[in-house]
Amino acid sequence: MRLLTILDPLTRPLLLFLVSAVDTVLKPIQRRVGIDRMGYFFVLPNLLIFGIFVLFPMLLNVYYAMTGGTKLFPADRPFVGLDNFATLFECENFSQPNSCREDLFWRGIFNTIQYVVFQVFAIVLFSLLTALALNRRIIARGFFRSVFFYPVLLSPVVVALIWKWVLQHEGVLNAIVELLGGESKRWLLDPNWAMFWVVFVSVWALMGFYTLILLAGLQSIPPELYEASSIDGANMLQDFRFVTMPLLMPTMFVVLVLALIRAVQMFDQIYVLTGGGPGTRTQLMVQYIYTTGFSNQIQLFGLSAAASMVLGLSLLILTLLQLRLGNQSSLAG
Amino acid sequence: MRRILLALSLLALLLAIVPAFAQDAVELRIRWYDDGNEGEVLRDLLDRFEADNPDISVEIDTVPYRAILENLPLDLAAGEGPDMARVTDLGGLAEHYLDMTPYLSDAAYWEENFGPFLNWKRLPGDNASIPGFMTQLTITGPFINRTLFEQAGVDVPSDMSDSVTWDEWAEASRAVAEALEIPYPMAMDRSGHRFAGPAISMGAMYFDDMGHPTVMDEGFHAMAELFVNWHLDGTMHPEMWPLSEGYAGANEEFANAELVFYMSGSWQVGQFSEQIGDAFDWQTVPNPCGPGGCTGMPGGAALVGIGGTEHPAEVARVMEYLASQEVLGEFAARTLFIPAHAGLSAAGVDFDTDLQLAKDSLGVFVGQVGTLEQTAFDLQAYAFNRVLFDASRDRLTQAMVGEMTVDEAIARIQDDVDTALAEEG
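Respectively, the protein sequence lines represent chains A and B. Just so it is clear: in the first sequence, position 72 is 72 by this note's numbering, and no numbers are missing. Just so it is clear: in the second sequence, position 245 is 245 by this note's numbering, and no numbers are missing.
By construction, these hints were calculated from the structure, which means they are not laboratory data. Take the hints with a grain of salt, since some may be wrong.
To be verified - Result set (EDC-like, lysine to aspartate or glutamate): computed pairs, CA atoms no more than 16 Å apart in a straight line:
hint, chain 1, residue 1, chain 2, residue 2
1, A, K71, B, E423
2, B, K359, B, D278
3, A, K27, A, D8
4, A, K71, B, E274
5, A, K185, A, E170
6, A, K164, A, D268
7, A, K71, B, D281
8, B, K359, B, D281
9, B, K359, B, E253
10, A, K71, B, D278
11, A, K71, B, E80
Generate coordinates for the entire structure from the input sequences, incorporating the hints supplied.
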């Protein structure tokens with residue numbers, strides 16, 4: 001009612017009308033289901049959307065993973081049980097993708113692991129360093145905050161095209177290298193450099209987002225704690241270790257989980273930047289799923305669905321593991 | 001007052017009813033992609049059709065070529081396709097085509113003029129359906145930048161011999177590139193279809209005695225090894241195949257005179273006429289030779305009716321108009337496409353260009369039709385040829401970057417093809 005008193009005389013009757021209209025609709029429902037169950041009523045629309053657009057496709061994916069053939073409609077597809085999973089895991093030596101029946105799946109797995117490890121580590125590290133720097137009283141702090149956040153606003157395709165232009169043989173980077181007396185290089189054609197650049201570009205593009213989250217975390221740390229630690233004679237490193245890090249840990253875990261999920265899902269940017277190449281050096285699991293299910297002439301939806309389930313399950317395990325570690329460390333803290 | 005109300009009610013009723021009676025024209029949609037100006041030409045032709053046939057309107061949905069390859073099959077499988085589509089996976093999508101025979105006023109015209117190419121769009125065992133017509137016949141073959149040869153003082157091999165080998169072209173292209181510091185001596189479209197012509201020339205059979213697709217022969221191996229080695233020694237554009245996914249072309253490099261020899265196909269003539277014009281002398285040369293012949297690959301795009309259309313009779317009317325000799329002749333002339341129409345082939349097409357380079361190139365491509373090997377036609381007619389093409393493209397790329405040997409790559413191609421065909425049943 002306090003809200004109504006501050007509203008202007010024109011808005012107040014309108015709002016009162018709306019409230020009474022909603023009340024008229026909800027009261028009979030509340031009488032029927034009871035006040036305790038009204039919560040379910042309110043989340044029902046969202047649950048329906050979740051069910052139709054997330055849960056149902058997930059269940060459908062499980063069904064596809066257990067069927068074979070090339071037909072699109074589920075009813076036309078023969079049930080094959082776990083055959084698609086058996087195909088994916090048919091391997092003489094798991095460390096040698098060439099010895100596996102679905103060698104591209106295993107190459108995708110190894111590339112994804114490598115990409116995720118380096119990309120997540122780099123993105124958390126550089127986001128943290130940047131957030132720490134931007135949290136200090138530096139000149140043009142607002143400008144720098146915008147600069148680091150700007151790439152986040154770009155579409156992944158645009159990011160990839162910009163960097164392709166920079167990294168191609170006749171590109172900007174080689175022009176600079178030659179200007180400095182160095183020898184130009186085919187950066188994306190060298191298998192090791194290709195993975196480096198793929199990680200670098202994604203860190204460049206996404207770092208601003210995680211920096212922003214960490215910056216918010218840093219700013220929520222009460223300044224009194226730093227005052228107290230300085231009275232105790234702590235230096236900058238000790239401040240960071242005993243005040244900043246423990247209090248930033250929950251935010252760090254959020255960043256870690258988000259960065260991990262995003263890294264495992266990575267597709268568009270790499271697809272445009274290297275096409276998964278040279279060869280299959282930067283082809284990640286999502287690209288394998290896409291190619292197998294959609295871009296081949298004979299589209300193997302079952303195999304593709306099985307691979308996406310493997311990806312989903314690994315992501316789930318990783319996330320749960322992280323959350324568990326996070327809970328343990330907060331309890332210890 | 002009552003009268004006024006009655007009049008207003010009648011007026012409202014009339015306004016509601018009139019549009020229903022003034023029935024909108026039947027709207028047909030074409031899923032289309034462009035290589036050059038053909039979408040523009042088609043629109044112009046359809047505008048004329050719509051003027052004469054006000055009961056039909058045709059919308060062209062122009063999409064990237066990749067969407068034709070990857071999205072259209074899914075839409076068709078889901079029953080969400082357009083009424084007509086321009087396709088290149090001719091046999092692979094045959095189950096979704098409309099057999100227009102009952103709706104055509106003169107089915108014999110189609111058999112007579114498109115006869116040899118109708119089989120490309122039919123399911124195995126089907127010898128009668130008429131699903132559409134070829135918008136163009138394409139022939140793969142190489143383009144060279146003659147100006148670069150002249151500037152480098154290197155003889156153009158095809159000036160001196162009618163049967164130049166791939167090795168001779170590679171040597172000459174390298175010599176030109178070295179002399180003028182041109183970045184790329186040779187390039188080939190990143191496509192298994194483009195690779196197939198040279199492979200057949202080297203003796204690849206592509207089918208075993210039982211008609212099952214195979215790449216396990218010396219001819220395929222010879223071309224695969226040559227091709228991979230050219231990527232390793234810098235003869236071929238080193239980034240195009242290894243750093244792409246799916247199809248990629250070297251049009252820009254060729255148009256910028258950064259490329260000496262470009263293995264592509266006849267559909268590029270229109271684009272090069274516009275992009276290059278007479279900025280330098282570009283020309284088509286006959287397909288290089290090997291023990292299996294001097295062949296490229298036939299191919300092309302077709303406009304087909306889609307079986308799920310709700311307006312098959314109207315689709316057939318649009319198709320009859322577009323496939324008529326007069327209209328198709330104009331389409332070919334303005335797009336610089338080689339027509340796949342017996343009547344037009346006999347009468348000849350007066351291509352709508354003043355550029356002699358383009359006319360000469362088209363002349364060479366037309367001349368190549370007679371040199372195409374039977375294997376090339378069989379492969380083009382094979383419904384699942386894209387499985388072979390895509391596997392060749394992707395596995396050879398892996399060999400280029402050292403992920404596997406050429407032998408392993410060939411074994412993998414065979415394995416990929418066998419697995420996919422087994423799944424298809």
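So, going through the hints one by one against the coordinates:
1. K71(A) <-> E423(B): holds, 10 Å
2. K359(B) <-> D278(B): holds, 12 Å
3. K27(A) <-> D8(A): Roughly 28 Å between the alpha carbons, so the hint for K27(A) and D8(A) is violated.
4. K71(A) <-> E274(B): violated, 42 Å
5. K185(A) <-> E170(A): Holds, at about 9 Å.
6. K164(A) <-> D268(A): At roughly 13 Å apart (the allowed maximum being 16 Å), D268(A) and K164(A) satisfy the hint.
7. K71(A) <-> D281(B): violated, 50 Å
8. K359(B) <-> D281(B): holds, 13 Å
9. K359(B) <-> E253(B): With a Cα-Cα distance of about 22 Å, the restraint between K359(B) and E253(B) is violated, given a limit of 16 Å.
10. K71(A) <-> D278(B): Not satisfied, since the Cα-Cα distance of roughly 50 Å exceeds 16 Å.
11. K71(A) <-> E80(B): Holds: K71(A) and E80(B) sit about 15 Å apart, inside 16 Å.
Hint compliance for this structure: hints 3, 4, 7, 9 and 10 are not met, and every other hint is.
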